[in-house]
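Fit chain to chain and form the complex, with the hints in mind.
Protein sequences, first through last, are from chains A and B. At position 171 of the first sequence (counting the first as 1) the number is 171 in the working numbering, and the numbers step up by one without a gap. At position 269 of the second sequence (counting the first as 1) the number is 269 in the working numbering, and the numbers step up by one without a gap.
No wet-lab data here; the hints were simulated from the structure. Backbone N, C-alpha and C fix where the C-beta goes; we use that ideal spot for every residue, glycine too. Treat the hints with care, as some may be off.
To be clear about the criterion: a stretch of chain A counts as covered by chain B if any three or more of its residues have a C-beta under 8 Å from a C-beta of chain B, and this derived list gives those stretches [to be verified]: (1) 24 to 32; (2) 43 to 53; (3) 64 to 76; (4) 133 to 146; (5) 150 to 163.
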Amino acid sequence: MHTGLESPTGVWWKPAHRAEKLWVAIAFGWCMVLFAMMPLWHWKGGQNPTGIRHRVTAEAFAQRTQEFIDTYRVGEDAGIPVVEPPPGSDIYLVGAMWSWRPVLRLRQGVQYTLHLSSVDVNHGFNLYPINVNFQVVPGYDYGLRVTPTEAGEFQIVCNEFCGIGHHLMVGKVIVLPAEQTAAVTGGAP
Amino acid sequence: MSDRFRLCPTTGLKVHAQADALIKANAVVATVALLIGGISAVLVMLTRWQAIHLLPADWFYRLLTVHGMNMLIFFILFFEMAVLYFASAVLLNSRVAAPKIAWSAFVLMVAGTGLVEWTMFTGRADVLFTSYVPLRAHPAFYLGVILFAVGALLVVTIFFATLVVAKREKTYQGSVPLVTFGAATAAIIAVITLGHGAAIYIPTFLWSLDLMHVDAQVYRLVWWGLGHSSQQINVAAMVSVWYLLGGLTVGAVVLNEKISRSAFVLYVLFISMASAHHLLVDPGMGAAWKVWNTSYAMYLAVLASMVHGFTVPAGMELGQRLRGYTKGLFEWLRKAPWGDPGFSALVFSVIIFGFVGGITGVTFGTEQINIIAHNTLRIPGHFHATVVGGTALAFMGVTYYVIPLIFRKRIAFWPLARIQPYLFAGGMLVFSVAMTFAGTFGVPRRHWDISFQQAPFEVQYAPAVDLVIGVMALGGLVAAVGGGIYILVTVWSVFFGQPMEKGARA
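If we strip away everything but chain B, and leave its shape as in the complex, we get (with noise of 0.2 Å):
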């Protein structure tokens, strides 16, 4: 592929052809993954629904494995790196530094990405996304693991030199935009979490291979350096596709460069001491350090959130009031764009995120809520509403612009695209609210059979998590037609779409 560039119609951006393709290429593999979790998803879900209890057991804790992955780590990781290259080459107008390492790097993602489906789809591995040693996975899995993050390391490192080259070759005057700093922050903490990814993996690689002892509470410490650090990314990349579509949607403008790009710079400096709230009723660290770590040190990381939750709709007010959107106090938001998917899917995303993702995560850090709540379905009720209903739905408005902007098609079942973020969003929002309720009853989290048929012993739930999971069940359900909608009008708009023309998006 050579070096060439085009000129985005819409945007006057210098679009590298380089760019252009792994962008592409990222995006695909994300969305093949989205499927792949989203299939597994509902069979998993339909199975916590007692109701139903579709699947076996061995097949449940598969396809809990398969989802867990596909979704964290494939999926979003993908998408990532999509969006690392979009930060750097094409909003920097540059060049891609070193694209034979990008394609290298892509493709020992992929093979980390197969690696790592086969193990799981062949029962190798039915150790959970955790997986927790003891728990054993064939030694493939975690040779999977590592391909895929030394290659998402390769690209996060051409990242950073391609912001040296841009910078080099003045392809830009002033300073990054504040999208593209957003984006570095969120490579930076991909450093910090990759960092966390070898120092777990490769003993417990050794270990499965039993070449070495790993400790089981080590083991927990260290993995959540990756496994919490790997959601900061999500945030820090969110954020800043919250920027991006701002800006594309009703041209918000940033209030104040200082107070966002600092905000940034606290998810940097704190996010990975905050992973130690995952720890607070384990048996390995003592109180001061449990304190410590996750109200000092996360709290600033909130923090920052709470800083973006309120420049974001501040600067899209400002937008649509330069715009003339001038009325009353809420002219400019009844004026909005609400039938663009980019822009529902941008204001579903900072409400979930921030009122039930961000509040009930907040609630968890600290030890005696923690109690309450630990491996219950709070938990998950918690992080459906920051990585689905916050980043996941963030990245899937974003692409209503990438389609058109860097795959140059127009978005096919336009009627369909229009409403997918509400169904998407209404959906996910009953989903997590329910589960997370779920939860309060104490029910756990990563269970097969809530009724305990075959245990020794009656447990009962009270007859109110019956109906709370059926109410799941049905969000959930929901929110699977708005992914498949989305799948759907992505695949068919990139592989049989009508070429662009002009600008006009549908």
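If we strip away everything but chain A, and leave its shape as in the complex, we get (with noise of 0.2 Å):
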């Protein structure tokens, strides 16, 4: 019996006591049963943050998401123009020092494909208030199939630091319950 201070000598790989083995043994199915969770989790689980992935250079991500506001722009809110895309289609979401554009106005129940990405530094997708993360890379166009399964408004924080106005971006969803018809949704809430 030594420390793990002193040198041991001799020969040191000699079998370990039963208690000890029993330990690593636990230890080791433990960490199979997380190792086969994560693909199982990945294939059975309705969440995760793969999506759809493309370079995109900043010119062409905020000529994109310009020409997706143009078409689809329903009003204003706060000084951001606020669209409401057809139901089950392609949106766009840019970040930027220090602001998301545009608000969106979305359907329950409806799937659409959110594209993510910045034109300047990393930014953080966060939405309040049921949480929900994503990194915002600039040069990589994040697309994300999404369902809003909730009616109301949500706001969009950044939560990666992007310079001294960090605290001022916050971005808005609004998410018609799926009853409404789109007569009713004209010009801002």
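This is how it looks when you write it as structure tokens:
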């Protein structure tokens, strides 16, 4: 018996005590359970961070977002354009120091493909109050298939430090209840 | 300085004068960094506590950068350099290989630190610890990090060279002690880490001079090879210190060299891939890459910590039983030296690292939980439990042995020193848990104003968040008092303390 400060002499590669073996076996077994859960949950779980991934230049993404805004614009909120894209379409959200554009008006229970990118530095997409988070990296178009399940107003908080105005960077998503028709949605809420 | 040796009266180890001086120099700079990081910690925390909201936005982010760099890089790595000299030269009764290079490495690291501190305090590097490109800092910031890393890499090389010298000069019998073996794995991980550091900071330095392009996602990928692996240096060094403190405080024995050493090897093999869990919600990588790196690779590194989490306390129990505390199941624990700050720091370090830091960290490594945890306060809640409650606390504990054994000074303010680990561990535990809870409400990390007073749209967190943040701040203040006592005790002991005579520590 010696402490960890002393040099063991002779052969120290010896069988371990039963208790120690048992613990290593339990720990290894548990690690294997976790190991299996990871791919299993990826296949079985309903919510994965994997999306459609493309490289995109800041200019191209900004232009695509602007076209999207021009096409589906229905109003303005706090100086930010509000858009209402057709259900099931590709929707664009761009992070820039220090705002999220545009304000999205979506329909409950319909799947959209949300394209996220930044035109300057890294930003963080955090959906308040349901707490869903994605990294928004300049140069990459992160296409996520999203289905709003709840109606109401949601805010997008930037949670990656992006400079001195980081705390000003809040965007908005409005989800209209499934039964509401397109007719009542003209103008800002 | 000569090549003299002295005999340590307490441990019987031969201590090389150069090792002595290098350990002292590195420990002193580490403590200065801890002081700077600690003061900025309190200011940052009093800003996040919205009831006080102390700093303006620019100084909040500036001091958050200062806090991260000083704590996670300067304090911890200077301390680890001291650990490397101790685990090689002192534990093996050897001389330090190439002392002149060792001192130049120290100068390089101090120079790098100086450059980084200058750029941060003058507002030239408000980019936070991660300095994600294309957020831009002054080129001197990146240059400072590079100089520091080169110095650290030299110290690691000298550590390996000292192992060779000791073996060749037959300064010890048999194999190296477990503590040295653990330190060697920390050193190997340091090489991996610093390699990633070079691979990212050199291009970033050139980018800051407009000489090349750095992709934002590639930066995050390679940077986390540095950022996460550096925390694994801390883990390996901390576990080595656990074995060291166990031996020093209660004569803890090594249950089985094979098991403990194999566990250290697992860290080396699997930890750098585990960096991938920082990128689980990033656009640049696919599912297969994410799942492979964060499950297979990470869980085998976790296995290593699970093994140490058993062998360290079991070794302590056996050590105590060999000392005669054999009554019942828990006499060994009841009669343990709870008044020895080295012992209490060790126990709390194991508990906080394992139960709070470890469990939260492993859960973040899954895709779905990462979606609800990424960049929220859950993340700093986790790593304050691992790096502060775990590593920093273990390092504090071992300082109460470094001062008498290396500085040969009695520990000043002994009654304060005895309660220091209790305050620090208790405060840090409350701080980390409260911070994690706040994160579960989606509260972002690295954010100046979560009341969003000037934002275009209203965000109002659940009222519970105010309470939890208040509890976090109180825990943090208690921990800060503990940290302050640590600095007071160590600085006073080293510079104004009474010289040691005959082994009496206090």
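Evaluation of the provided hints:
1. Look at the stretch 24 to 32 of chain A against chain B: 6 of its residues bring a Cβ nearer than 8 Å to a Cβ of that chain, three or more, so the hint holds.
2. Coverage of the stretch 43 to 53 of chain A by chain B holds in this model, with 7 residues showing a Cβ closer than 8 Å to a Cβ of that chain against a need of three.
3. Check on the stretch 64 to 76 of chain A: 0 of its residues sit with their Cβ under 8 Å from a Cβ of chain B, so the three-residue criterion for coverage is violated.
4. Under a criterion of three residues with beta carbons nearer than 8 Å to beta carbons of chain B, the stated coverage of the stretch 133 to 146 of chain A is upheld, 10 such residues being counted.
5. Three residues within the 8 Å Cβ limit are the bar, and the stretch 150 to 163 of chain A against chain B gives 8, so the coverage statement holds.
Violated hints amount to a single one, hint 3; each of the other numbered hints is respected by the structure.
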